[in-house]
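A.B. asks: So the protein lines, in turn, are chains A, B and C.
Under my numbering, think of the first position of the first sequence as 1, with each following residue one higher.
Under my numbering, think of the first position of the second sequence as 1001, with each following residue one higher.
Under my numbering, think of the first position of the third sequence as 2001, with each following residue one higher.
FYI, nobody ran anything at the bench for these hints, they're computed from the structure.
Just so it is clear, the structure is predicted and the values come from calculations on it, not from any experiment.
Keep in mind that the hints are not guaranteed to be accurate.
Label pairs and their calculated CB-CB ranges [claimed, not checked]:
1. Pro462/A x Asp1466/B: 38 to 48 Å
2. His1510/B x Ile2119/C: 30 to 40 Å
3. Phe1050/B x His112/A: 57 to 67 Å
4. Ile2119/C x Ala1287/B: 35 to 45 Å
5. Thr1469/B x Val5/A: 54 to 64 Å
6. Ser74/A x Tyr2070/C: 53 to 63 Å
Away from chain C, derived, C-beta distances all over 12 Å, residues of chain B [stated by the list, open to error]:
7. Asp1003
8. Leu1174
9. Trp1292
10. Val1303
Beta carbons: idealized from backbone N, C-alpha and C, even for Gly.
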Amino acid sequence: MSEPVIIEDIRPLVALLAPWAGLLGIIWAGEKRPNLREMFTFIAASVQAAVVVSLVPVVLSGAIIEFHIWQIFSYVPMLLRVDGPGLLFACVASILWIATTLYAVGYMRGLHEHAQTRFYAFFALSLSATMGVAFSANLLTIYFFYEMLSVSTFPLVTHMQDKEARTGGRTYLGYLLFTSLCLLLPALSWCYVWLDGGHLTMDFIEDVGKVGHFSETTQIVLLFLFTFGFAKAGLMPAHSWLPGAMVAPTPVSALLHAVAVVKVGVFCVYRVYADVFGSDVLANMGGEEWTMVVASATILISSLIALSQDNLKRRLAFSTIGQLGYVVLGAAIATDRGQGGAVLHIAMHACGKITLFFCAGAIFVATGKKYVSELRGLGRKMPLTMGAFMIGALSVIGLPPLGGFISKWYLALGALDRDAVWVVVVLLISSLLNVFYLLPVAVTAFFRTSETEKDPSFKEAPWPCVVPLILTALGCFFLFFWSDILLQLIGLQP
Amino acid sequence: MSDHIVWIVLFPLLGGVACSLFGNFSKKICYPLAVGSMIASVWSSVHTLFQVIESPLHQVSYIQGGWTLDLFPRGVGIEFRADLLGALITLVVTGVGLIVVLYSKVPVQRQTPGKEPLYYTLFLLQITGLAGITLTGDAFNLYVLIEVAALTGYGLIALGSNRAAAATFNYIILGTIGASLYLLGVGYLYLKTGTLNMVGILEVIEANNLHDSPAMQVAFVLVLLGVLIKMAFFPFHAWLPKAYCHAPTTTSCLLAPLVTKVMIYVMIRMILSVFGVEFSFESTWWAEVMPWLVVVAIICAAVMALAQREIKSMLTYLIVAEVGYMVGGVWIYNYYGLVGSIFHVISDACMTLCLFLGAGIILEKCRTTHFDGLRGLFAKMPLTMIGFFIGGFSIIGLPPTCGFFSKWYLITGGMVSERWEYMVTLMFSTMVMVILFFRLIERIHLAVDESGKNLGKGHGDLGLTDEQTRFDEAPLSMLIPLLIAASIVIIVGVYNQEVVNLIELFLEDHNLPTGVTYK
Amino acid sequence: MTEDGSIFFQLLVERLNYFIYIVLLMIGLWAMIAKNNLIKKLIGMSIFQTAIILFYVSTAVKEDATIPIYLPEHDPHGTELNSESNQSGGMIHAPQVLEASLVSGYTNPLPHVLMLTAIVVGVATLGLALSVCLRIYRAYGTIEEDDLLLELEKEDGRKAGGFRKKRPRRMPSRGGKSKDKVRKGTDEKSKSGQVQTRRRKSGPSKPTSTKSNSNSDTQGGEKKPKSRRRKPSPRKPREDKS
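Using the sequences plus the hints, can you model the full thing?
C.D. replies: Shown next as structure tokens:
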């Protein structure tokens, strides 16, 4: 493959700053003009999505876009770079932001939630940080945006401002800041100070594999610190923040789980594995297989826990932890197809999981129900919602013709590329477990009967809640049929 | 005029005299006079900084009274010498002074009514003392200026409540012990070297190889001990929390960012420019022991900060912890540590200023800084809270504030010298600071009281009256300095490389180990 | 250091000035720490600073040397020396260097000069500290450290309790403290005689604390007028406890 052409373009910065402009509009419109305020959010989201999608043809043609913001240290710039995996992630995040905003309008207004301005404002900031992570070109830049995301999602998680919010917020921030300040920061400064005489950029293109200069033990310690330092990736045991953060309103959970936070975590882990360590160093490292073991354990254990959860959102939370394990697993497999499958899974899982969360929230808005056991017969009353839930569940499980199948397929192929058959077995077992904890929800809704069937007040959630979930459910189909564009983006297909 | 370096000190001095003279006739003239002299002083220090950067040896020198350096080892005149370090810190001192004097209009009127002439005189003389400390090149003159700064500080604090007066007494005793020990150390230095000029002392030490002389060791110990007491290094910190907590608002805004940092500058100056790197780090056993003392200091200060229930007293214990950072950065004896320490002096001055300005506004508006009285402040004073928490995030070390960069250098320094205890302590204290500030955010933002009981009626209701949540921002004369301080915190972070370049230029002559090899 | 005699010899004869100043230093330090009365602490502080002054001055001494004031024959400004050869014209402000043989006849003037400054600093510190003592006495009625700490504790307790509830509440009976109050009843009365402006606490026997309580709210703003109105009341001299 030829050397990629590097283009200087301001569009990544525009994508990053569009939410800030929206923020100003949101604050100005305030509580007094909610429609205007929502419009600002939509404008910002659309601008961001448009800019990001406009970058796709450029990257598909083999170029890489860069933009230099400021010089952090004399040898480390804050550099934005748009390459395939980053662009894929950015597309997913920005398009889903539009859907989430529409959903949030319906949800927040439907429940007459308080402090909506603050909600939309910090939402915008979180999306800006997500774009920053997607477009980061070196390790320090990604760290900056990672921290920005932690802080800007805190008011969202503690939105309800009560005792549960306090506990949830403490767990959330405790895990995230502890790991990033105590595990990640030392690892970062270790790399920066010892490599290349202290003048290293840790660029994701130029400095791949330089970590190999360290001794074996140091490499393994660094790998450990990076993997758990990015606690947003939800590897066990640094996963407890995710169920704890379920105290937030559902749009926030959707954001957390599908659009921004966890995806940022696994994306960072992918970057570290693929572009800081590199496949060669990973392959030569003794004992790096422990990451695959930990990821597999995470997948299986979380799936088992999900089986036992009755609260729908918690069940979905544990499901997310498992699905994130897939991405880490794919990154750790260290083959081209495995890592490609990992990035693909970010997109596929985002679409599927956000559908599921939208459905859970729609059910809560329409009926106030939170528990799986209460959902009997709801399918007759809310066919669109539960139908979308079914589609989302099938995508997460990984059945064709839905998107989730493609990513699991490539993950399996990647595992076979390095003769790790046990990984394929893990994939199969976990898919089976996914069936067991996701399908019964849809089945209960459609095929069981209960008294609720006769309750006339249960009907579909307001239209701003239902339209997005239909769109994302359809998106799961689209991702399957348009998968070759995605594969081209990440370089698995020319 | 070319002698800007002297005018840095002269403007506040003359301003102070003018304040006390003219203030007797008209109290209203004190504030503009003070602001005017501070603006002039800042202007002079900016000029001096540029002079220093452009001069070939990166230093500017001025001998008081026109005496010469020819006789004896560098003469007997008092020299004002600004190298890059001194010029930077002087700019910080005068800049902070300007911001605080702008801020001081409302608090001084409210807390010390009728005493403005006295207050502003002491204020300007304090700036004189502090700026003089950072500029002087004579060891004895340093003692005099330390005492000038200290005495005016005692006065500024004691102008507050009775509680403050009681705390001042303790401060006087401890501060005098510290300064006197420093004086004693200078006495020994003079005995052995025959000169009081800092550069001269270093030259004589190197020429006669006085490194092993017991008198030098005694001098070092005494000087260091005196400075440690004055900078509130644990366990000599006992004077700081009560004194700064009960002092009037403007006093604590002025003293908290500056006094301890200037003393750390004195320590760095003594180690690098007077005793020399080889003597301080290699001939004495201090370099082995100090990091462990620093570890104890930081941990104790951080834990004591956790126990506080009031913003101002929490912040004073944070000052003690930050002093530990800086002392540790110096004593781990490598390049990154010193860069980190000096950069942290600058950035800690800015972020402490930011925090104390914010705490002062909260005290002004809410009459208390106790945690129980802070609910709903985000709605009531959003701009103040933004400014305050920018300072808070800087203390935690979130990018791109300046606190992140100083933590970065300090952690790197700890790693390079393999001082794992210092590094782990930094992590631990960072976590404690996260807890401190996010606990504060919780108390302001959430409808939950300390024991975990829900207040209000749910859905974001904080259980407050409309009166308490009405938008009631601070007066502009207090708000704008806070916002300026907050933006300085971010600007120093964004442009940290410029500052670090200057620090690197300063440190070039000292041949500090960098220790960059592959492991 | 071979035999004991030689150590004492070194200490008490050769290095007598060091020995004396260290003894004085330690006396001062002990006084600052151990004495209960604030004025005695200040005396200790003064002794501490004086010890250092003594040290400096003692190091200036030379054998067979006189005080460092020019003898008429050495005076460069006087008529007895040809001053033209020493200067380039104009005012002399730089130090004039005498020959080494002449210099050794004068004690070293520099430490004396330095100590003049240090004495001034010491005097200023002492003055400031005494005024702070006076302020403490007016506010709390005591200059004994342990009583002062008790008063401060009471004030703290009142402040912390008084914040949470806006209504006046009864002081919880603190057994030890109330006994102290009874013992110092006469002193209390003599400190009182003030108009109480803001009474957070009921409890008539605590006027001083209330005054200082209200003071701490307003950070001393209202104190000045009250103290001027106050008549100095006779109080019986307390027995010296330290």
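A.B. asks: Does each hint hold? Answer for all of them.
C.D. replies: Hints versus structure:
{"no.": "1", "hint": "Pro462/A x Asp1466/B: 38 to 48 Å", "verdict": "violated (31 Å)"}
{"no.": "2", "hint": "His1510/B x Ile2119/C: 30 to 40 Å", "verdict": "holds (37 Å)"}
{"no.": "3", "hint": "Phe1050/B x His112/A: 57 to 67 Å", "verdict": "holds (59 Å)"}
{"no.": "4", "hint": "Ile2119/C x Ala1287/B: 35 to 45 Å", "verdict": "holds (37 Å)"}
{"no.": "5", "hint": "Thr1469/B x Val5/A: 54 to 64 Å", "verdict": "holds (56 Å)"}
{"no.": "6", "hint": "Ser74/A x Tyr2070/C: 53 to 63 Å", "verdict": "holds (59 Å)"}
{"no.": "7", "hint": "Asp1003", "verdict": "holds (17 Å)"}
{"no.": "8", "hint": "Leu1174", "verdict": "violated (9 Å)"}
{"no.": "9", "hint": "Trp1292", "verdict": "holds (26 Å)"}
{"no.": "10", "hint": "Val1303", "verdict": "holds (21 Å)"}
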